[in-house]
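Order-wise, the sequence lines are chains A and B. FYI, in this note's numbering the residues of the first sequence are 4 to 262. FYI, in this note's numbering the residues of the second sequence are 43 to 290.
Simulated from the structure, these hints should not be mistaken for laboratory data. Don't take each hint at face value.
In silico EDC-like cross-links for lysine to aspartate or glutamate, where the CA-CA straight-line distance does not exceed 16 Å [to be verified]:
no., chain 1, residue 1, chain 2, residue 2
1, A, Lys144, A, Asp32
2, A, Lys144, A, Asp133
3, B, Lys94, A, Asp133
4, B, Lys68, B, Asp238
5, A, Lys144, B, Asp113
6, B, Lys151, B, Asp173
Since the structure is predicted, the reported quantities are computational estimates derived from the model, not experimental observations.
Spelled out from the first residue to the last, the chains are:
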Amino acid sequence: MIARLLAQIGRPVLAVLAAFGRVTLFGADTLRHMVTPPFYGREFAIALLQIGWFSLPVVGLTAFFTGGALALQIYSGGARFSAEAVVPQIVAIGMARELGPVLGGLMVAARVASSIAAEIGTMKVTEQIDALVTLSTHPMKYLTVPRVLAATLAVPLLVAVGDSIGISGGWLVGITKLGFNSATYLKNTTDFLEFWDVGSGLVKGAVFGFIVALMGCYFGMNSGRGAQGVGAATKAAVVAASVMILAANYVLTGMFFTS
Amino acid sequence: MITLSGVHKSFGPNRVLRGVDLTIAKGQSMVIIGGSGTGKSVLLKCVLGLVKPDAGTITLEGQDVTRGDRDAFLARFGMLFQGGALFDSLRVWENVAFRLLRGPAAMPKDQARAVAIEKLRRVGLKPSVADLFPGELSGGMQKRVGLARAIAANPEVIFFDEPTTGLDPIMSGVINALIREIVVEMGSTAMTITHDMSSVRAIADQVAMLHDGVIRWSGPVGEMDAAPDPYLQQFIHGRATGPIEGVR
Ligand SMILES: Nc1ncnc2c1ncn2[C@@H]1O[C@H](COP(=O)(O)OP(=O)(O)O)[C@@H](O)[C@H]1O
Ligand SMILES: [Mg+2]
Numbered sequence: 004m005i006a007r008l009l010a011q012i013g014r015p016v017l018a019v020l021a022a023f024g025r026v027t028l029f030g031a032d033t034l035r036h037m038v039t040p041p042f043y044g045r046e047f048a049i050a051l052l053q054i055g056w057f058s059l060p061v062v063g064l065t066a067f068f069t070g071g072a073l074a075l076q077i078y079s080g081g082a083r084f085s086a087e088a089v090v091p092q093i094v095a096i097g098m099a100r101e102l103g104p105v106l107g108g109l110m111v112a113a114r115v116a117s118s119i120a121a122e123i124g125t126m127k128v129t130e131q132i133d134a135l136v137t138l139s140t141h142p143m144k145y146l147t148v149p150r151v152l153a154a155t156l157a158v159p160l161l162v163a164v165g166d167s168i169g170i171s172g173g174w175l176v177g178i179t180k181l182g183f184n185s186a187t188y189l190k191n192t193t194d195f196l197e198f199w200d201v202g203s204g205l206v207k208g209a210v211f212g213f214i215v216a217l218m219g220c221y222f223g224m225n226s227g228r229g230a231q232g233v234g235a236a237t238k239a240a241v242v243a244a245s246v247m248i249l250a251a252n253y254v255l256t257g258m259f260f261t262s
Numbered sequence: 043m044i045t046l047s048g049v050h051k052s053f054g055p056n057r058v059l060r061g062v063d064l065t066i067a068k069g070q071s072m073v074i075i076g077g078s079g080t081g082k083s084v085l086l087k088c089v090l091g092l093v094k095p096d097a098g099t100i101t102l103e104g105q106d107v108t109r110g111d112r113d114a115f116l117a118r119f120g121m122l123f124q125g126g127a128l129f130d131s132l133r134v135w136e137n138v139a140f141r142l143l144r145g146p147a148a149m150p151k152d153q154a155r156a157v158a159i160e161k162l163r164r165v166g167l168k169p170s171v172a173d174l175f176p177g178e179l180s181g182g183m184q185k186r187v188g189l190a191r192a193i194a195a196n197p198e199v200i201f202f203d204e205p206t207t208g209l210d211p212i213m214s215g216v217i218n219a220l221i222r223e224i225v226v227e228m229g230s231t232a233m234t235i236t237h238d239m240s241s242v243r244a245i246a247d248q249v250a251m252l253h254d255g256v257i258r259w260s261g262p263v264g265e266m267d268a269a270p271d272p273y274l275q276q277f278i279h280g281r282a283t284g285p286i287e288g289v290r
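Isolated chain B, as found in the complex:
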């Protein structure tokens, strides 16, 4: 279980998070929605300790994430970054197997490569991609390699930052199904950021909407359509008029 309470983060005068309270139960799939620039990525980075919150606490299974052994903590996580964040000096398979090749429990190279190729297959990429460099792939393919890297070590908690942005509808469907499968099969806890409402419906157990630095609404995905909150309704129906301003 991940719990955030009263999380604040500003960048200079830009007050991005202004008291975020959120709980993600173990083995559940939480989807965060909200407009561009509302701080969704910053929120994930706060949990991982990549961004230091100004105030508030974040706990994983009751333990404060800023205390204790960082390596052991991070070993439980997988993260797909919004831009893929592949290491462009390494081949695709070395990217996917990065964690498997290093650390105290490092695998032999052949075995790590085999795992990498299997993970690539799961995200819909052919084995021939394994020996290319990230720069030789299209944006959508890079995203899928990033996804394969996030799931390579079978983490307990997985964060997906806009996993389907830039993919065609069919590939989006494949990725949505894959994320759902990972949560169900591996029992992982997932936190996904997306703008794509079809992804929300395919992936989510729970939905939370971030707006103006706080969680504006959260609840089970089944209650989302009937919820009266005008902000949420404007967002899920993509209306140009409503309480959320079009110009930000």
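Just chain A, same shape as in the assembly:
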């Protein structure tokens, strides 16, 4: 009875650990292929465009509304102890350290992990991956490396743009609805923010970008057979990327801001 219960708990735990091990090996393999030729420049450029440029609208909109909402919340919360004036500072630090990278990462996970997993999964079930191999082209080098590299470089840039737009959202709400003076709001923001507030967010962005593309590629490459297999791979990629982003965010925040 107790043995059965333990087995019931143990099995999924072991499965998760095994999956985590496989993902780690896949990541190490990706890094190894990243530093050995050949390098596929055209695939990298396409990935950069797909992951970076085309994610700008969704990341920008998310940041804008989040910055605005944050300003409203801090104003009403701060009013309880007459601290309405801290809105610019808290919006800036909240966006740069946490919300910019995390929400940016999650939006990219939704948009990019899914599309990478679906694309590579479809290639797998239609034998295109096998065809690549027979044409002497390594699927890790041709498919995984360009996407992972592009995401690792592009997501920090997206985060930087998101931070700026989020802070602008807070500023717009601040001056139109909360009665802040525009110049004072901006001065408070720039005087208060330190380099590492922004820099830590960009480092987080790079890690989240790596996670997103790696999950998309991993689940795509290991897709089951048929349309159902691709569907399952896509779902798993988005879920795994999102959970790993939030877990990594906690770990990184602990590393960066507790000493």
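Given chain A's structure and the hints, the job is docking chain B with the ligands onto it.
Quick look at chain B with the ligands alone, frame taken from chain A:
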């Protein structure tokens, strides 16, 4: 020469190959026949290393295919996949010229494109097809593009997985003649999977029948009709009754 001996492959409980022994002489055209799902495609993939056999050895010119330089080994092969397996993000000519555009011996783009258009012409496709995407072609046209891609780099060994399935009879005839021509002209070794008995007669030097995970019969195409094996006779005459069950 390609030699397979004692090749086994299972997918979970599904024992697909159960000891395949087969030899394909250099410059010969071997045709593999057998019912759907008997493991013909898996057999080709084992030779290419796309599927890892559970047991047995496969050699090319005496050399074990699992050892040595993979790239050099694969450079000697061309493969037409059953479903075409075209890269749908690339144009037709880029698909055909894929190998020519990459690797240490990469050609300039113009030259690779010219070769691609010539190969497309050989499989009965017009140059105007070259700039389309695979998704814009009919199934039969995709198959022919896959064929053009398989022969683009003039490989020594070519595998064709159901090259004429989904083509009309005239186009099947064209493709059969083309495969025969490639073997005769280029001296390539060919291994073709087909269900179409007219293809077998047009393409084959040797025929092998895969059934229940083993080579049930093999021999020269001329001896096929007179062979007494009841499994082979049922298959080549397409009879519904016989030792091979209709329900699988
Ligand atoms: N990657 C795979 N995973 C699991 N089963 C497979 C795989 N590839 C082939 N099979 C199974 O092996 C058997 C033979 O398949 P295949 O070689 O495609 O048959 P065919 O002779 O029609 O080409 C089928 O039952 C198929 O379901
Ligand atoms: Mg098949």
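Does the structure break any of the earlier hints, and which numbers would those be? 4
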